[in-house]
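Q: The residues making up each chain are set out below.
2 protein chains.
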Amino acid sequence: MSNPATYVFNHTMIRVKDPQASLKFYQDVLGMKLITKSVNEAGSFTLYFLAYIDKVPESEEEKKKLAFSIPGVLELTHNHGTESDPQFQGYASGNKEPGKGFGHICVAVDNIEQACERFEQEGVTFVKKLKDGKMHNIAFIADPDGYWVEIITNPIHGSGPI
Amino acid sequence: MSNPATYVFNHTMIRVKDPQASLKFYQDVLGMKLITKSVNEAGSFTLYFLAYIDKVPESEEEKKKLAFSIPGVLELTHNHGTESDPQFQGYASGNKEPGKGFGHICVAVDNIEQACERFEQEGVTFVKKLKDGKMHNIAFIADPDGYWVEIITNPIHGSGPI
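As you go down the protein sequences, you meet chains A and B in turn.
UniProt numbering numbers the first residue of the first sequence as 1 and each following residue consecutively.
UniProt numbering numbers the first residue of the second sequence as 1 and each following residue consecutively.
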């Protein structure tokens with residue numbers, strides 16, 4: 001009998017317009033690593049699997065084992081052609097109507113003030129800066145498609161307001 | 001200087017209409033545990049943080065430390081009143097227009113055939129049964145709000161088609 005106590009919340013999938021822009025954001029700005037990608041020519045889409053890992057395994061078998069077993073994986077789905085289609089309207093962030101539902105993903109960082117400074121230097125769009133509003137312990141940045149990424153201080157090894 | 005290699009992809013947030021229905025689904029059907037909740041009376045919303053953990057810590061401080069440091073946390077946001085508001089239209093799953101963007105979350109299980117049998121017995125709605133379509137190694141179920149949850153075999157400790 002299947003035992004739910006052994007289950008793993010493995011990944012979250014979002015569709016992205018331009019994988020080059022998204023990969024740059026999630027790798028260079030947020031520091032995730034691309035574990036593996038899967039091209040489906042018949043379906044005209046490519047899936048990219050990213051996570052915070054120390055090292056990307058060398059063999060494709062080990063990459064797949066890692067990508068589908070650990071928690072905290074981000075799957076980006078790219079439907080081929082959206083990146084250069086002038087008619088493409090873009091994806092919904094989930095935070096306004098129509099299409100409200102999904103809210104955000106959240107990244108816990110070592111030092112939230114320094115992390116936000118880095119994001120500013122990298123030209124990242126802020127939905128809510130650290131000083132905005134009443135809650136000065138969280139920030140929200142936007143990824144290239146406008147999805148919200150919450151930034152918080154990691155309460156175990158981070159420093160800054162919690 | 002903030003070091004992105006130390007960052008953690010901590011949680012994914014989705015809005016839910018009826019927290020009792022969602023908590024039942026994510027705890028009883030999918031086996032997650034409720035780590036902590038946070039009621040915001042002024043903002044009229046409550047946040048619920050769930051994850052696959054062995055044991056929920058006793059103190060509120062330890063619960064918060066866990067909820068905001070580990071990967072694989074699911075945050076459910078309940079805007080008070082939606083559960084009993086006949087005008088409330090429900091949330092977008094992200095998988096159709098208007099509102100296409102977010103795709104799904106994914107849970108890796110020990111034995112996918114047995115897990116899907118359990119879901120059927122529990123009366124869960126399937127978006128795609130294991131035998132449907134061409135890919136017989138994945139299933140999609142719907143949570144109480146219609147968000148998609150992909151079910152895959154954990155390649156490390158699971159059995160079944162990968």
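Any given hint might turn out to be false.
Note that the list lumps identical chains together, so a pair holds whenever it fits in one copy or between two copies.
Dumping the calculated DSSO-like pairs for lysine-lysine here, alpha-carbon to alpha-carbon at most 30 Å [said to hold, decoys possible]:
1) Lys55 - Lys96
2) Lys55 - Lys100
3) Lys129 - Lys37
4) Lys55 - Lys134
5) Lys37 - Lys63
6) Lys33 - Lys65
These are calculated hints, taken from the structure and not from any lab test.
Q: Please go over all the hints and tell whether each is borne out by the structure.
A: Right, here's what the structure says about each hint:
1. Lys55 - Lys96: So lysine 55 and lysine 96 fail the 30 Å test inside a copy (37 Å) and across (36 Å) alike.
2. Lys55 - Lys100: Classified as neither: same-chain Cα gap 36 Å, cross-chain 33 Å, threshold 30 Å.
3. Lys129 - Lys37: The answer is between: 24 Å across copies meets 30 Å, while 33 Å in one copy does not.
4. Lys55 - Lys134: So lysine 55 and lysine 134 fail the 30 Å test inside a copy (38 Å) and across (33 Å) alike.
5. Lys37 - Lys63: within (9 Å within a copy, 35 Å between copies)
6. Lys33 - Lys65: both (15 Å within a copy, 25 Å between copies)
The structure is inconsistent with the numbered hints 1, 2, 4, although it conforms to all the rest.
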